[in-house]
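S.K.: Generate coordinates for the entire structure from the input sequences, incorporating the hints supplied.
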Amino acid sequence: MKVLLVDDERELVSTLAERLSFRGIQADWAVSGEEALSLAEKNAYDVAVLDVKIPRISGLELKRRLHAKRPSMNFIFMTGHGSEDDYRNYSAETGEGSYLVKPVNIETLIKTMNTLLKENRGEP
Amino acid sequence: MSWNWELLGETGLQFFGKMSASISHEIKNVMAIINENAGLLEDLTVMAEKGLPIDPERLKTQASRIMKQIRRGDDILRGMNRFAHSVDDPLRQADLNDTLGLMAALSGRFASMRGVTLELEPSSAQVSMITNPFFLQNLIWLCLDFAMGCSGPGKTVALKAERMENGARIRFSKLQELATGNTGSFPEERVKALLQALNADLLMDREHGELHITFSSRAEG
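In the order they appear, the protein sequences are chains A and B.
Position 122 (the first sequence) corresponds to 122 in the numbering used here; numbering is contiguous.
Position 106 (the second sequence) corresponds to 106 in the numbering used here; numbering is contiguous.
These are computed hints drawn from the structure, not numbers from a lab.
Built from N, CA and C at the ideal position, the CB exists for glycine as well.
You may find that some hints are simply not true.
Unchecked claim - Here are the in silico distance ranges between beta carbons for each label pair:
| no. | chain 1 | residue 1 | chain 2 | residue 2 | range |
| --- | --- | --- | --- | --- | --- |
| 1 | B | GLU119 | A | GLU18 | 55 to 63 Å |
| 2 | A | GLU18 | B | LEU7 | 49 to 57 Å |
| 3 | B | MET47 | A | ARG121 | 39 to 47 Å |
Stated by the list, open to error - Counterexamples of contact, computed for chain B against chain A with all Cβ distances above 10 Å:
| no. | residue |
| --- | --- |
| 4 | LEU8 |
| 5 | GLU26 |
| 6 | PRO53 |
| 7 | GLU57 |
| 8 | GLY73 |
| 9 | HIS85 |
| 10 | ALA104 |
| 11 | GLU119 |
| 12 | GLY149 |
| 13 | ASN166 |
| 14 | ASN182 |
| 15 | THR183 |
| 16 | MET204 |
M.R.: Structural data, given as structure tokens:
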């Protein structure tokens, strides 16, 4: 599995990438929408994990642009909202499904990524 | 002249909510970074248990990263505490330089999201006045929000408090887009209500790309 992590908090994504690498998952990271788009140009990622709020571009807009480049890419949003219920209200109009509330539990993140990939492959 | 309490109350509540939400998002980020750094320490420990030696320098780095985030969180919470206490007294001595510093800190994430840098210009003299601190912060925020939308190609908004002959002034400068851009409905009714409540005036200097809030009374040195 190849993962792209995007958040303007450099220390968050770089450390998370290292921890994922310990678990056999290759993860690149970006701190801006521009960096993320540039990385996606060169690499085919299975999953992108995006912060909902990134400077100068919303996470949803970034998702749209990444999806245009890599239609098979799966997406998970990380949010600083108080709870998943709060975020569900926020995302109701956008129809976004996969999201995790910060601070993210790494095992939950990996499980969510695996579930998305299985769904994408049509596995039960 | 009577104040529009309903509008002031509604505007104030919106402002309080917006700042509180932003602060909570920032604290969530701090916690998320501490979570990852602590998690990495745990990972390294598990690897050590399996026979992989830990580099002590690595442990030091991880510990200092956690300490850094704790200091960051403490700074955020101190700002939040000052902000929350600004509703304690309807009138209080307020230092405009301090208030601008607090508002710049509270607005940092909004500025960052818009790719704008906030530049606090040091004031040569202390500028203090008796005022309603919460209304003052609310007015500064609304003007700053507008100013960020008018910042020029460099995307910088400069803020400065100045003592005037008969009062004090807050100056927002480097707003290059003010000369050419459409300022929309600004200043809206809520800005006018706050200006009235603070006995202040607003001036848009389009030629120099500046916005001034002038306080005509109760300013002290």
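S.K.: Determine for every hint whether it applies to the structure shown.
M.R.: Here's how the hints hold up against the structure:
The hinted range of 55 to 63 Å is not satisfied by B/GLU119 and A/GLU18, whose Cβ atoms lie roughly 35 Å apart. Separated by about 51 Å at the C-beta atoms, A/GLU18 and B/LEU7 satisfy the suggested range of 49 to 57 Å. Judged by the Cβ atoms, the range 39 to 47 Å given for B/MET47 and A/ARG121 is violated: they are separated by roughly 32 Å. At roughly 27 Å, the least C-beta separation between B/LEU8 and chain A is larger than 10 Å, which holds for a residue marked as non-interface.
In this structure B/GLU26 is not separated from chain A by more than 10 Å, as the shortest Cβ-Cβ distance comes to only about 8 Å. Every beta carbon of chain A lies more than 10 Å from that of B/PRO53, the smallest distance being close to 15 Å; the non-interface claim holds. Listed as outside the interface, B/GLU57 is consistent with that label: its C-beta sits roughly 15 Å from the nearest C-beta of chain A, beyond the 10 Å cut-off. The claim that B/GLY73 lies off the interface holds: its Cβ sits roughly 12 Å from the closest Cβ of chain A, which is beyond the 10 Å cut-off.
At the 10 Å boundary, the C-beta of B/HIS85 stays outside the reach of chain A, the nearest C-beta of that chain being 23 Å off. Even its closest Cβ contact with chain A, about 17 Å, leaves B/ALA104 beyond 10 Å, as expected for a residue assigned away from the interface. For B/GLU119, the condition that its CB be more than 10 Å from all CB atoms of chain A holds, with the nearest at approximately 17 Å. With a closest Cβ-Cβ approach of about 14 Å to chain A, B/GLY149 is found to remain outside the 10 Å limit, as its non-interface label requires.
Chain A leaves B/ASN166 outside its interface by the beta-carbon criterion, the shortest separation being 41 Å against a cut-off of 10 Å. Every C-beta of chain A lies more than 10 Å from that of B/ASN182, the closest at about 21 Å, which supports listing it as non-interface. No beta-carbon of chain A is positioned within 10 Å of the beta-carbon of B/THR183; the least distance is around 22 Å. Taking the minimum C-beta to C-beta distance to chain A, about 26 Å, the non-interface status of B/MET204 holds against the 10 Å cut.
Checked against the numbered hints listed earlier, the structure breaks hints 1, 3, 5; every other hint is satisfied.
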